[in-house]
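Participant: Sequence:
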Amino acid sequence: MDDLGVSAVDASTRSELSASLSDYLAAERTLLAWIRTGLALMGFGFVVARFGLFLQQLNFASRTSIPPSYGWSFWFGTALIALGCFVNISAGWHHLRLLRDLDRGCASHSRTSRQACAIAFVLALVGLVMALYLTAIGRT
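FYI, the working numbering numbers position 70 of the sequence shown as 71, with every residue one higher than the one before it.
Derived from the structure by calculation, the hints contain no laboratory data.
Among the hints, erroneous ones may be present.
Distance ranges between label pairs, derived from CB positions [claimed, not checked]:
| hint | residue 1 | residue 2 | range |
| --- | --- | --- | --- |
| 1 | Phe75 | Ser21 | 26 to 36 Å |
| 2 | Cys118 | Gln57 | 10 to 20 Å |
| 3 | Ser91 | Leu126 | 17 to 27 Å |
| 4 | Arg51 | Ser21 | 38 to 48 Å |
| 5 | Ser114 | Thr136 | 30 to 40 Å |
| 6 | Ala41 | Leu135 | 18 to 28 Å |
| 7 | Arg37 | Val130 | 17 to 27 Å |
| 8 | Asp24 | Phe55 | 39 to 49 Å |
What you are looking at is a predicted structure, and each value in this text was computed from that prediction instead of being measured.
Virtual Cβ for every residue (Gly too), placed ideally from N, Cα, C.
I would like the entire structure built from these sequences, with the hints used as guidance.
Facilitator: This is the structure we're talking about:
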């Protein structure tokens, strides 16, 4: 009878420690949202990197003598692609850690909000620099 009583207590303790299905599904939705964010950053980075090529073609078609300074768009675009890769790798690593914590029953507060804020600030800075760059090109 002792064995039956101990196993019943262990089973109830395990059910309290393990996460519910909705926790796992929420973690998966969060991972997928981060993957979409990383892919969007990489796509936007590709567009920005090719923006210099577009300006060269526009310059060639209009036959104006605008000094070629299109290297910045390549580096901004490459930085955004790298940021997108970092976001996806970080999201995958964070998701695996969260699943491990959910399996153990000791899931702590997620650090995803800090990551989201950092990415938002970096993107705001990149947008500001790109706006300044386009303003400088427009003046010439």
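Participant: Quick one: which hint numbers does this structure break? Sort them smallest to largest.
Facilitator: The structure conflicts with hints 1 and 2, although it agrees with all the remaining ones.
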